[in-house]
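For the protein sequence lines, the chains are H and R, in the order given.
Going by the working numbering, the first sequence opens with residue 1, and the numbers climb by one from there.
Going by the working numbering, the second sequence opens with residue 81, and the numbers climb by one from there.
Simulated from the structure, these hints should not be mistaken for lab results.
Keep in mind that a hint or two might mislead.
[Said to hold, decoys possible] Below are the DSS-like pairs computed for lysine-lysine, each with C-alpha atoms no more than 27 Å apart in a straight line:
(1) R/K280 x H/K69
(2) R/K149 x H/K23
(3) R/K280 x R/K149
(4) R/K149 x H/K59
(5) R/K98 x H/K59
(6) R/K149 x R/K230
[Unchecked claim] A few chain H residues that face chain R, going by a derived Cβ cut-off under 7 Å, partial list only:
(7) T22
(8) I25
(9) F28
(10) H30
(11) I32
(12) Q55
(13) S60
(14) A68
(15) H72
All C-beta atoms, glycine included, are put in the ideal place defined by N, C-alpha and C.
Each chain, letter by letter, is given below.
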Amino acid sequence: MYQCKDITEEVNNYIEGGLPFTKRIGLFFHFIMCSCCRNYLQQIRSTISVITVSQPKEKSSADLKALAKQLHDMCDEHEH
Amino acid sequence: MTKKNSKSLFDDEQTLIKKLIAGDQTAFEYIVSEHHNIMLSIARAIVGEAFADEVVQEAWISAIRALPKFEGRSKLKTWLLHIVSNGAKSRVRRENRMVSLDEGWESVPADRFDQIGHRLDNVYPWEEATPEALLANEQLQSIIEETFQKLPAHQRAVLTMYDMEGIKMDEICNILDISASNVRVLLHRARTTLHHSIEKYQDKV
C-alpha cells in the first residue's frame with residue numbers, strides 16, 4: 001500500500017512512465033483514493049508545463065553577437 | 081533581422097549548414113543564439129562554472145572548423161551538444177575535477193507527513209492552472225527564473241535538455257555521462273524545487 005510520501009518521491013517517474021507495472025498500478029490506486037495526491041500530481045504537471053513555456057535560461061555574460069562574429073571571421077580566414 | 085524571422089529562414093538544417101559554410105553572418109548569429117545557452121548548461125554540469133565558458137568557446141571553434149565534414153547523421157544540435165560534452169569531459173580529466181550530483185536538494189519537508197507517510201496538510205488545485213495563466217504574472221515569472229538560476233548545474237542541464245529541449249533520456253545519459261536513474265533523480269529534484277517555489281507563491285496569493 002503506497003502512502004502520500006511515496007507519491008512525492010515517485011511522482012516524476014510516474015509521469016515519465018519509468019516505473020515497474022505493479023508499482024505504477026499501486027500509485028494509480030493511491031491517486032484514486034487521495035484527492036491531495038491527485039492535486040499534487042496536477043501541480044507537478046502544471047510545473048512541467050510552466051518550465052516548458054517559460055524556458056528559463058542560463059545566466060551568461062557572453063556577448064553572443066561578438067562570438068558569432070568571431071566564428072564568422074574565423075571561417076573567412078580559414079577560406080582565404 | 082529578428083530571431084523569429086531568422087528561425088523561419090533556417091528551419092531547414094541543410095540550408096543553415098550551407099549558409100554557415102558560405103560565411104553568412106546571419107546564419108552564425110542564428111546558430112549561436114539558438115544553441116549557446118544549452119551548450120553552456122552542459123559544460124557547467126560537466127566541468128563546473130570556472131571552465132565552462134572556455135569549454136563552450138573551444139567547442140564552437142571545433143564545430144565551425146569541422147562543419148564542412150558534418151555528414152548529417154544526427155541533428156546539428158545533437159552534434160554540437162556532443163562536441164561540447166566531449167570537450168568538457170576531456171577538461172574534467174585534465175583538471176582532475178569531479179562535480180557532485182548530490183548538492184542542492186530540498187525534498188518535500190518531512191513534517192508534512194504523519195508517521196506512516198500520510199499527508200497532514202491539504203493540497204488544493206492551483207487556481208491558475210494553465211502555464212499561460214501562471215506566467216501572465218511577472219512576479220511568478222521572475223520567481224521561476226531565480227529558482228532556476230539557483231539549481232545546481234546538473235539539475236539545470238537535465239531540466240533544460242529534457243523539459244525544454246525535448247532531448248531523449250538516453251541521449252542525455254550519453255551527453256552528461258551519467259546513468260538513467262541519475263538523470264531521473266536530477267529531473268525529479270529540479271522539478272520539485274521549482275514546484276516548491278510556485279507553491280509558495282500560490283499560497284501567498
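Status of the hints after comparison with the structure:
Proximity of R/K280 to H/K69 is assessed by CA-CA distance (about 43 Å); at most 27 Å being required, the pair is judged violated. Simply put, R/K149 and H/K23 have alpha-carbon atoms about 48 Å apart, too far for the 27 Å limit, and the pair is violated. In summary, the hint linking R/K280 to R/K149 is not supported, as the alpha carbons are separated by about 51 Å, beyond the 27 Å threshold. For the hint pairing R/K149 with H/K59, the CA-to-CA distance comes to about 32 Å; that exceeds 27 Å, so the pair is violated.
A hinted pair counts as satisfied when its Cα atoms are at most 27 Å apart, and R/K98 with H/K59 does not qualify at roughly 31 Å. Restraint check for R/K149 and R/K230: the C-alpha separation of about 39 Å exceeds 27 Å, so the hint is violated. Given hint, H/T22 at the interface with chain R, is violated; its Cβ is 18 Å from that chain's nearest Cβ, farther than 7 Å. Because the closest C-beta pair between H/I25 and chain R is about 18 Å apart, greater than 7 Å, the hint is violated.
Here the hint on H/F28 is broken, as its CB sits about 17 Å from the closest CB of chain R, past 7 Å. Violation of the interface hint for H/H30 is found here, the shortest Cβ-Cβ separation to chain R being roughly 10 Å, above the 7 Å cut-off. Taking 7 Å as the C-beta cut-off, the interface hint given for H/I32 is violated, the closest approach to chain R being about 15 Å. Taking 7 Å as the C-beta contact cut-off toward chain R, the hint placing H/Q55 at the interface holds, the least distance being around 5 Å.
Contact between H/S60 and chain R, as hinted, is supported at the beta carbon level, the nearest pair being about 6 Å apart and thus within 7 Å. Hint on H/A68 holds. Least Cβ distance to chain R is approximately 4 Å, under the 7 Å limit. A least Cβ separation of about 4 Å between H/H72 and chain R falls short of the 7 Å threshold, and the interface hint therefore holds.
In terms of the numbered hints stated before, the structure departs from hints 1, 2, 3, 4, 5, 6, 7, 8, 9, 10, 11, listed from lowest to highest.
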